[in-house]
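Each protein sequence line maps, in turn, to chains A and Z. Position 166 (the first sequence) corresponds to 166 in the numbering used here; numbering is contiguous. Position 217 (the second sequence) corresponds to 217 in the numbering used here; numbering is contiguous.
Rather than coming from a laboratory, the hints here were simulated on the basis of the structure. Do not take every clue at face value.
Selected chain A positions facing chain Z (in silico; Cβ < 8 angstroms) [claimed, not checked]: (1) S41; (2) T281; (3) G304; (4) T469.
Where a beta carbon is used, it is the ideal one built from N, C-alpha and C, also for glycine.
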Amino acid sequence: MNSEERLLKELVNGECEASALAEALKLPLDTVMSLLSRFESEGFVSVKRESCSRFEATAEGAQYAEVGSPEYRLAMAVSDKTTLEDATKKARLSGAGQGIALQWAIRNKWVTPRKDGAVTVFEKAGKPVDSVAEALRKIIAGKTVSEKESQLLASRKLAVAREEKTVTAVITPAGKTFIGSHSQDSSQLTPQMLKDGSWSKAKFREYDLSTITAPLNVARKHPYKEFLNRIRVELASMGFKEVHGPLVELEFWNMDALFMPQDHPAREVHDVFKLKGGKGTVHDKKLVYGVKKAHEVGLAGSRGWRYEWDPEVAMQLVLRSQTTAVSARQLASGLEAPSRLFCIGRVFRPDEIDWKHFIEFNQCEGIVMDDGLSFRELLGYLKTFAINVFGVKEVKFIPHYYPFTEPSVDLAIKLPDRGWVEAGGAGMFRPEMLAALGVDKPVLAWGLGIDRFALSGINTEDIRDLFSTNVEFLRGK
Amino acid sequence: MVSIKLDKTLLLKATGKKLSDDALCAELEQMKVEVESIDDCVLSVDVTGDRPDLLGVNGVARALAGRLGVSKGIPALPLAKKPALQVIVEKDARAIRPFVVGAVVEGVRFSDDSIAEIFQLQDKLDLTVGRKRKRVSIGLYDLDKLTPPFHFKALPPSTSFTPLKSDKKMSLDEILSEHPTGVENAKLLAGRKNYPCLVDAAGEILSLIPIINNVASAVTEKTTRIFIDHTGTEEYACNSSLNILCQEFADAGAKVSSVEIVYPDKTVLTPDSTPHKLRVAVVEVNKALGVSFTGKQVADLLTRQRINATAQGDWVDAQIPAYRADFLHPVDLIEEVALAYGYNNFEPLKPTAYTVGSVSQATMRENFVRDFLVGAGFLEVNTYITTNEARIRASRSQAAFAEILNPVSEEYAALRSELLPNLLNVLSKNTHVPYPQNLFEAGEVIVPNDKLPERMETRLRACAIACHTSASLTEVASVLNELAKRVNGKLFLKKISSPQFIPGRSAEVNFGGKTVGIIGEIHPEILSTLGISMPAAAFEIDLP
Numbered sequence: 001m002n003s004e005e006r007l008l009k010e011l012v013n014g015e016c017e018a019s020a021l022a023e024a025l026k027l028p029l030d031t032v033m034s035l036l037s038r039f040e041s042e043g044f045v046s047v048k049r050e051s052c053s054r055f056e057a058t059a060e061g062a063q064y065a066e067v068g069s070p071e072y073r074l075a076m077a078v079s080d081k082t083t084l085e086d087a088t089k090k091a092r093l094s095g096a097g098q099g100i101a102l103q104w105a106i107r108n109k110w111v112t113p114r115k116d117g118a119v120t121v122f123e124k125a126g127k128p129v130d131s132v133a134e135a136l137r138k139i140i141a142g143k144t145v146s147e148k149e150s151q152l153l154a155s156r157k158l159a160v161a162r163e164e165k166t167v168t169a170v171i172t173p174a175g176k177t178f179i180g181s182h183s184q185d186s187s188q189l190t191p192q193m194l195k196d197g198s199w200s201k202a203k204f205r206e207y208d209l210s211t212i213t214a215p216l217n218v219a220r221k222h223p224y225k226e227f228l229n230r231i232r233v234e235l236a237s238m239g240f241k242e243v244h245g246p247l248v249e250l251e252f253w254n255m256d257a258l259f260m261p262q263d264h265p266a267r268e269v270h271d272v273f274k275l276k277g278g279k280g281t282v283h284d285k286k287l288v289y290g291v292k293k294a295h296e297v298g299l300a301g302s303r304g305w306r307y308e309w310d311p312e313v314a315m316q317l318v319l320r321s322q323t324t325a326v327s328a329r330q331l332a333s334g335l336e337a338p339s340r341l342f343c344i345g346r347v348f349r350p351d352e353i354d355w356k357h358f359i360e361f362n363q364c365e366g367i368v369m370d371d372g373l374s375f376r377e378l379l380g381y382l383k384t385f386a387i388n389v390f391g392v393k394e395v396k397f398i399p400h401y402y403p404f405t406e407p408s409v410d411l412a413i414k415l416p417d418r419g420w421v422e423a424g425g426a427g428m429f430r431p432e433m434l435a436a437l438g439v440d441k442p443v444l445a446w447g448l449g450i451d452r453f454a455l456s457g458i459n460t461e462d463i464r465d466l467f468s469t470n471v472e473f474l475r476g477k
Numbered sequence: 001m002v003s004i005k006l007d008k009t010l011l012l013k014a015t016g017k018k019l020s021d022d023a024l025c026a027e028l029e030q031m032k033v034e035v036e037s038i039d040d041c042v043l044s045v046d047v048t049g050d051r052p053d054l055l056g057v058n059g060v061a062r063a064l065a066g067r068l069g070v071s072k073g074i075p076a077l078p079l080a081k082k083p084a085l086q087v088i089v090e091k092d093a094r095a096i097r098p099f100v101v102g103a104v105v106e107g108v109r110f111s112d113d114s115i116a117e118i119f120q121l122q123d124k125l126d127l128t129v130g131r132k133r134k135r136v137s138i139g140l141y142d143l144d145k146l147t148p149p150f151h152f153k154a155l156p157p158s159t160s161f162t163p164l165k166s167d168k169k170m171s172l173d174e175i176l177s178e179h180p181t182g183v184e185n186a187k188l189l190a191g192r193k194n195y196p197c198l199v200d201a202a203g204e205i206l207s208l209i210p211i212i213n214n215v216a217s218a219v220t221e222k223t224t225r226i227f228i229d230h231t232g233t234e235e236y237a238c239n240s241s242l243n244i245l246c247q248e249f250a251d252a253g254a255k256v257s258s259v260e261i262v263y264p265d266k267t268v269l270t271p272d273s274t275p276h277k278l279r280v281a282v283v284e285v286n287k288a289l290g291v292s293f294t295g296k297q298v299a300d301l302l303t304r305q306r307i308n309a310t311a312q313g314d315w316v317d318a319q320i321p322a323y324r325a326d327f328l329h330p331v332d333l334i335e336e337v338a339l340a341y342g343y344n345n346f347e348p349l350k351p352t353a354y355t356v357g358s359v360s361q362a363t364m365r366e367n368f369v370r371d372f373l374v375g376a377g378f379l380e381v382n383t384y385i386t387t388n389e390a391r392i393r394a395s396r397s398q399a400a401f402a403e404i405l406n407p408v409s410e411e412y413a414a415l416r417s418e419l420l421p422n423l424l425n426v427l428s429k430n431t432h433v434p435y436p437q438n439l440f441e442a443g444e445v446i447v448p449n450d451k452l453p454e455r456m457e458t459r460l461r462a463c464a465i466a467c468h469t470s471a472s473l474t475e476v477a478s479v480l481n482e483l484a485k486r487v488n489g490k491l492f493l494k495k496i497s498s499p500q501f502i503p504g505r506s507a508e509v510n511f512g513g514k515t516v517g518i519i520g521e522i523h524p525e526i527l528s529t530l531g532i533s534m535p536a537a538a539f540e541i542d543l544p
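The whole structure should be built from the sequences, with the hints applied where relevant.
Structure below.
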């Protein structure tokens with residue numbers, strides 16, 4: 001039987017203090033302590049940690065316990081008219097002990113001094129009981145003494161109070177079951193039994209099903225990342241191919257290529273994070289020229305925004321504020337029709353930080369490029385997403401405005417518990433934008449608001465919990 | 001989205017229809033006006049950024065009347081031909097704000113509500129079309145208190161008048177440095193020697209442009225004649241904004257007259273209320289929307305959007321009111337057709353394109369590593385990419401990282417270039433939680449790299465940390481070794497010294513001949529600084 005089992009067995013006899021356990025099991029105290037804390041976390045024992053003050057005899061006290069207190073010995077040495085010298089000698093008291101002995105013997109009224117001529121003699125008085133030695137012996141034996149006794153011993157420096165931590169363990173029902181399952185007589189199936197066939201005669205003890213479980217910390221994947229993966233799989237199964245793009249973008253890809261004029265409010269510092277010390281470049285000069293033209297005088301039959309487009313502004317580095325930047329890069333890379341792409345990625349926007357808002361979140365969006373695409377087909381996609389991604393049938397289309405799409409539309413879905421909820425935005429990319437990127441086919445673009453649906457998946461209302469640093473929460477406790 | 005409040009009584013009166021609250025909200029929702037709240041008197045609504053003409057109650061009523069079929073086509077804007085007054089633009093002021101437009105409105109009858117509506121409209125136009133007054137700024141003045149013609153000229157900073165929201169005379173410099181509105185907008189005039197002002201024939205200052213008006217000619221409930229000016233950097237934006245205000249007054253029954261702007265080299269009559277002309281091919285409408293409307297149907301639908309339209313064979317010719325500046329391309333007309341038809345009246349079409357879908361290689365790689373590490377007993381965490389320098393330094397990282405120019409909080413002013421500092425941060429916040437705490441994260445980091453056009457590389461990485469009484473290099477190296485085996489690769493560890501790890505217990509991780517990361521036992525000084533009283537060992541690798 002190993003030490004773990006022996007320890008649990010010992011505890012079956014009742015509550016036990018750790019040092020007593022160590023003694024009984026002949027194990028070092030620190031081994032017992034670490035076993036106890038392990039069993040505690042496994043739920044097999046419950047451990048009480050107390051600190052109490054405990055008396056311990058001093059060297060002098062220990063000596064008194066052995067041979068009796070000096071006053072007792074003095075008193076016992078006194079018969080009729082005994083001189084101090086004789087009594088001291090008979091009681092074998094030292095010089096220092098003599099004074100103490102006499103003082104206490106008189107105070108206890110065990111001896112009475114009397115003048116006999118020039119010398120003082122002592123006579124025996126009451127019947128002495130050596131309660132001091134008695135108390136000391138109790139302390140040494142680990143028993144308790146009365147308050148009065150302890151005070152007396154302390155004042156005579158025969159015993160001192162020591163702060164002591166006691167650890168007391170009690171076995172739990174789960175612990176008992178554990179032993180049951182391990183002890184020979186309750187027949188844990190062992191390799192030996194299988195080898196020698198003794199299992200056929202063995203009687204297996206039944207479990208108490210109400211107590212067989214113990215808490216367990218299981219590693220698991222992050223529920224939010226799993227939620228995002230489910231959406232990826234859903235979109236891939238609908239025929240969309242996943243793409244990625246950089247988190248640090250040029251304003252060029254994040255805005256200019258999306259036909260957002262350079263004085264557009266969404267380009268200001270309170271709507272996009274700019275990076276320190278950073279300007280990038282776009283190597284494709286033809287592309288830059290196309291975007292410039294689209295903004296300044298228009299492309300593909302447009303009047304354009306009519307202002308002087310500043311390439312320097314477009315080269316500023318920003319944190320991607322919309323995954324549409326990824327779509328723009330894809331379109332400019334020379335996609336072939338038909339193409340259906342999606343991207344799930346982190347975006348960043350300056351915002352208040354509270355339970356509903358954070359400066360980072362994930363967007364899920366995609367594009368469809370093909371001949372003959374129409375607004376009605378875009379609505380068809382949105383309806384498909386409502387059914388396959390959000391699991392609802394009832395949808396509503398609400399007009400909206402995005403600088404890079406026309407017509408633009410928002411998807412609202414009806415949830416059984418919350419009513420109408422906005423679930424995404426979509427539109428057909430503007431001809432100016434497509435022409436600048438060298439695309440000559442219609443492109444449907446859509447984005448789904450997924451974070452709020454992720455929240456209900458992990459039973460929280462606080463958006464920051466999607467990025468929780470609380471290990472207990474992540475363990476699913 | 002721009003938030004405004006609309007007076008419900010004024011709105012319904014202008015529409016000429018009785019609507020239940022629900023019906024009203026449903027209609028507004030379909031015309032880019034989203035109702036946030038509604039009570040007996042007031043609607044709080046959000047208007048989309050492309051429709052500044054819906055920032056006034058009469059603008060919304062006008063669009064709603066079209067939607068409900070009460071009135072169609074371009075609304076009337078009876079404009080007195082003869083200019084009511086002149087504004088003379090001088091060269092020095094023109095150099096600062098090149099364009100001026102103006103109008104005079106007479107027969108105004110304000111109530112408390114309607115004057116608040118007008119000021120709200122002016123304010124929101126300054127903000128949106130005006131781009132916070134930079135592109136366009138608007139002034140309204142009580143014309144009865146002024147003597148035309150007006151001069152637009154640059155005046156020295158010592159010039160003084162009593163601005164709105166003040167009770168004492170202030171010099172132009174004082175206004176810019178002390179008056180709240182001046183301080184807020186002072187950057188618009190930064191670096192100017194003299195400041196642009198409107199001055200009347202009697203030498204009375206109307207306003208410091210684009211900052212604040214003189215209190216002497218302020219518009220009040222008693223005002224009946226108003227002079228409106230718009231100054232700015234873009235003539236088109238100035239004119240369309242002026243048209244929005246003029247139409248708003250005209251709809252309320254006021255008489256609008258034009259103003260003559262006399263530049264040094266030309267004279268212009270404003271507002272220019274000529275409708276924009278735009279034509280769209282019927283076939284383009286049908287292709288884009290997936291419908292088969294006739295030219296006449298398209299034209300009819302457009303008139304409900306307060307646009308004049310006539311079908312001409314394969315084309316529809318449209319005339320768009322001057323208060324709408326959001327038409328750049330025929331596709332904008334197509335959206336108007338869709339809006340008038342009603343988005344929810346289209347039958348959604350089942351997707352037709354066939355393409356093969358897939359999850360990306362990067363995602364699959366990430367998921368492979370995540371599966372493996374969970375199997376090895378590591379709990380997944382998901383942290384922010386934004387972080388702070390203190391957290392990075394606490395891990396004694398030497399890696400370069402990017403910083404945000406305009407952070408909302410010092411807590412989130414840097415971008416992670418490694419995952420380890422974040423995992424150490426998680427450990428430091430969970431010292432009271434039962435151990436072992438074996439954690440991992442797989443995710444993107446941002447690494448400065450001047451060779452790239454964006455100068456920052458987004459890299460996918462994984463980091464795992466073991467933290468318990470016997471966490472060791474052996475433990476995490478064994479995990480990494482098993483991972484390498486599963487991708488048929490050979491792992492090679494090369495000893496390095498790093499302040500992040502216990503000396504002699506850290507290595508560079510080499511995989512397939514390439515350095516992909518680091519591994520080691522976390523230096524006790526890092527752990528004790530973070531209040532972690534358990535040993536920890538970690539690795540961090542690229543997932544190329």
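Hints, verified against the model:
A hinted interface residue such as S41/A counts as satisfied when its beta carbon comes closer than 8 angstroms to some beta carbon of chain Z; here the least separation is about 6 angstroms, so the hint holds. Because the beta carbon of T281/A sits about 5 angstroms from the nearest beta carbon in chain Z, less than 8 angstroms, this interface hint is met. The interface hint given for G304/A is met, as the beta carbon of that residue sits about 7 angstroms from the closest beta carbon of chain Z, less than 8 angstroms. About 5 angstroms separates the beta-carbon of T469/A from the nearest beta-carbon of chain Z, less than 8 angstroms, and the hint is met.
Against the hints set out earlier in the document, no violation occurs for any number.
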